[in-house]
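Colleague: Taken in order, these protein sequences are the chains called A and B. Taking my numbering, the leading residue of the first sequence gets 1, the next gets one more, and so forth. Taking my numbering, the leading residue of the second sequence gets 1001, the next gets one more, and so forth.
Don't take each hint at face value.
As the list claims (entries may be wrong) - Here's a subset of chain B near chain A, in silico, CB distances under 10 Å, partners left out:
| id | residue |
| --- | --- |
| 1 | Gly1013 |
| 2 | Ala1015 |
| 3 | Ile1066 |
| 4 | Val1068 |
| 5 | Phe1112 |
| 6 | Glu1141 |
| 7 | Asn1145 |
| 8 | Tyr1147 |
| 9 | Ile1148 |
| 10 | Leu1149 |
| 11 | Ile1156 |
| 12 | Ala1160 |
| 13 | Val1163 |
| 14 | Ile1168 |
| 15 | Lys1170 |
Hints in this document: simulated from the structure, not taken from any laboratory. For every residue, glycine included, the Cβ atom is placed at its ideal position computed from N, Cα and C.
Here are the chains, one letter per residue:
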Amino acid sequence: MPNLPMINPQLLSMSPEQVQALMPYFLVCGGTIIALLACVLRVLSPKWPVFLLTLATCAVGICSSIGLLHNGTSVTLFNSMMVSDPFASFFNVLFLASAAITAMISFRYLDREKIQHPEYFVLLLFAAFGMMIMTSATDLVMVFIALELMSLSVYALVGFRRTDRRSNEAAMKYFILGSAASAVMLYGAAMLYGATGSMEIHAILQAIRTTPTLMTPLFTLGVWLVVAGFLFKVASVPFHMWMPDVYEGAPAPVTGFMTTGLKAAAFATFVRVFVSLGYGHALTETIQTHFHNILWVIAVLTMALGNFVALTQTNLKRMLGYSSIAHTGYLLVGLIAGSASDQGYAPMVVYLVAYSVMNLGAFIILTVLASRDDGGLNLPDLAGLSRRHPWLAFSMAVFLFSMAGIPPTAGFAAKYMIFSAGVQAGEIPLVVISVLCSAVSVYYYLRVLVYMYMRDPVGSPAASRMSAWSTVALAAMVAMTLQIGIMPARALSAAKKAVTSL
Amino acid sequence: MDISPFFFYLFGGLAILFSLFVVLKKSPVASAFSLVLVFFSFAAIYAVLGAHLIAALQVLVYAGAIMVLFIFVIMLLNQDVPSFDIARTHVVIRAVAVVATVALFGAFVWVFKNSALPAARGGFSASAIEMAGGNTVVVSELMFNQYILPFEVTSILLLAAMVGAVAIAKRQKSSAEVLREAAANQRKQAGRAAVGGAK
Chain A
1 MPNLPMINPQ LLSMSPEQVQ ALMPYFLVCG GTIIALLACV LRVLSPKWPV
51 FLLTLATCAV GICSSIGLLH NGTSVTLFNS MMVSDPFASF FNVLFLASAA
101 ITAMISFRYL DREKIQHPEY FVLLLFAAFG MMIMTSATDL VMVFIALELM
151 SLSVYALVGF RRTDRRSNEA AMKYFILGSA ASAVMLYGAA MLYGATGSME
201 IHAILQAIRT TPTLMTPLFT LGVWLVVAGF LFKVASVPFH MWMPDVYEGA
251 PAPVTGFMTT GLKAAAFATF VRVFVSLGYG HALTETIQTH FHNILWVIAV
301 LTMALGNFVA LTQTNLKRML GYSSIAHTGY LLVGLIAGSA SDQGYAPMVV
351 YLVAYSVMNL GAFIILTVLA SRDDGGLNLP DLAGLSRRHP WLAFSMAVFL
401 FSMAGIPPTA GFAAKYMIFS AGVQAGEIPL VVISVLCSAV SVYYYLRVLV
451 YMYMRDPVGS PAASRMSAWS TVALAAMVAM TLQIGIMPAR ALSAAKKAVT
501 SL
Chain B
1001 MDISPFFFYL FGGLAILFSL FVVLKKSPVA SAFSLVLVFF SFAAIYAVLG
1051 AHLIAALQVL VYAGAIMVLF IFVIMLLNQD VPSFDIARTH VVIRAVAVVA
1101 TVALFGAFVW VFKNSALPAA RGGFSASAIE MAGGNTVVVS ELMFNQYILP
1151 FEVTSILLLA AMVGAVAIAK RQKSSAEVLR EAAANQRKQA GRAAVGGAK
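The shape of chain A in the complex, shown without the other chains:
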């Protein structure tokens, strides 16, 4: 009879390396708790302390993550529940940066919408912390708990404009569908445990490798349920139904956060679980082709649906929602090609970064332009923007060019990398379809440009004022979009460093 593994003395103490590897998590978690305590300060307005604490937490988290990234070691922690490796650190920087920028652009927005509650920033931090844990988790239990931490915080953020019906509807829809997706994923994890006797992703792979008879239909079904949970979070067809409504109903800065942080977190975890479960190198030929084919179909459907439905949208938030579905499709191309090309998953990671930067940038502009209750974000409202706000119009043009994949922007460099990886992996038909879809997308991105630069303004819309925080955030996003576009090698080498640690 096997003895039960009881108290493991190694786990009762932490070595200095482990503490060091956990630093970003400690800092962010501690900062979140302090910010939460600052919410109840009996001063006239707790918004400033909480806001500044949020930024400070993100800043120290980013610094320590960058330190770990340079260090380049991977440390397994907590009975291999999670691992702190360059892949995790890389994405931690992305999550915290996107949380910080979301906080910066939200500050004035919340005042304007009269929903300036300090809990907003705390929830942002909680969501970012959930993403960090999720990307580092190597145990399906941890993946699930972190996913819930992230999702619950985002559900509350989506419904933050409580007096607005659309916001309520979005929060409710997202909550119910998201919970169902989480349940499906948990069921899949339970099946994997039943099939292999472990929840730890490396142990699952090990079990399958040593005893191939464990690869029962139960195992396959479990994997598929887990994958379905991820596909829901990244909003790929056929799990995309929630997305446009949620994107439209959520407060504009939250939508920006969802398209960047949340999507990056889901994709990063997807890649980690997927690679560790042996996609691309360990499983049998049949399973490999089976997975490949289904993902192939999903990628094509996602790109086609996202791009073609986006053509008919006149609300900018909705349009960017559908465009986000389309970008999920391109990212799936990177995922499919990743196992067979020599760049590995690095192009996909670069694409995630580029997409986060340009999309967050676009949502900064939408946040600034939105009138009360996120109105005034339809195409005609943008007419003549170049005359009212030349710099805003210019920045928007940069982001739109980038999303359409036109040089010299980040979007072009990233798309080029993903598609060339696809060609290398022998996925010629898939790449051709992607390029065609992305050609379609040029139409709806450039239509916004036409409105901004070539139409006369209707009436005399009130000029929006930008806070200094938003200006800084916007300038940073424009600079990064151009920087990745002109010098993609640096981003690629950082991404390579990250993915080789997987």
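Chain B: place on chain A using the hints.
Modeller: Same frame as chain A, but now just chain B:
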């Protein structure tokens, strides 16, 4: 141990039955009470499997504390609006839902029939737990040692859920307004007291 499959199927069947009631009952209170029974069936299944601690916790925490709170809230809100009416959904959606459910159920049945269960055993068999000192010892030792991270992150998760619920549910006023109102109320009360004193 020989009769345990019978009890497993009995309580499993009851759990499924009451879960269906949760979804299909029109009145929220009836749904909530069905959910209580689902939790009791779960507790019974855990007990059949030999996990007596979990069974007791299930009854205490879920069927007891959480569901009582649930029912309180539903009754306080006093909304007897039917929560779900299948007749209102479109016929195509209904058909698709039925077909999808049957197909999924068929797939699950096929999968479980074709996979020898349990395919792989984890370490936590009933006899091994008995040797290690029983459920309570094993759960407590594992929770604060090997599974400390999920435990801690779960507590953060609950904190985040609480903050989120408060943020959505609380009265939509800035704290400055609340303070100002409290001061005004105090003044009013002081004034009333003064008037009362004069009388």
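Colleague: Going by Cβ atoms only, is Ile1148 of chain B closer than 10 Å to chain A?
Modeller: holds, 6 Å
Colleague: Given Gly1013 of chain B as an interface hint, is its Cβ closer than 10 Å to any Cβ of chain A?
Modeller: Gly1013 of chain B check fails; min Cβ-Cβ to chain A is 19 Å, beyond 10 Å.
Colleague: Would you check whether Ala1160 of chain B satisfies its interface hint, that is, whether its CB is within less than 10 Å of any CB in chain A?
Modeller: holds, 4 Å
Colleague: Have a go at the Val1163 of chain B hint: is there a Cβ in chain A nearer than 10 Å to its own Cβ?
Modeller: holds, 6 Å
Colleague: With 10 Å as the cut and Cβ atoms as the points, is Lys1170 of chain B at the interface with chain A?
Modeller: holds, 8 Å
Colleague: Holds or violated: the hint that Val1068 of chain B contacts chain A, with Cβ atoms closer than 10 Å.
Modeller: Status violated, d = 22 Å.
Colleague: With 10 Å as the cut and Cβ atoms as the points, is Asn1145 of chain B at the interface with chain A?
Modeller: OK, holds: Asn1145 of chain B within 10 Å of chain A, min 5 Å.
Colleague: Given Ile1168 of chain B as an interface hint, is its Cβ closer than 10 Å to any Cβ of chain A?
Modeller: holds, 5 Å
Colleague: Taking the least C-beta to C-beta distance, is Ile1066 of chain B closer than 10 Å to chain A?
Modeller: violated, 16 Å
Colleague: Taking the closest Cβ pair, is Ala1015 of chain B under 10 Å from chain A?
Modeller: violated, 15 Å
Colleague: Let's test the interface hint: is any C-beta of chain A closer than 10 Å to that of Glu1141 of chain B?
Modeller: holds, 5 Å
Colleague: So, Phe1112 of chain B near chain A? Judge it on the closest CB pair being under 10 Å.
Modeller: With a closest approach of 7 Å, the Phe1112 of chain B hint holds.
The earlier numbered hints that this structure contradicts are 1, 2, 3 and 4.
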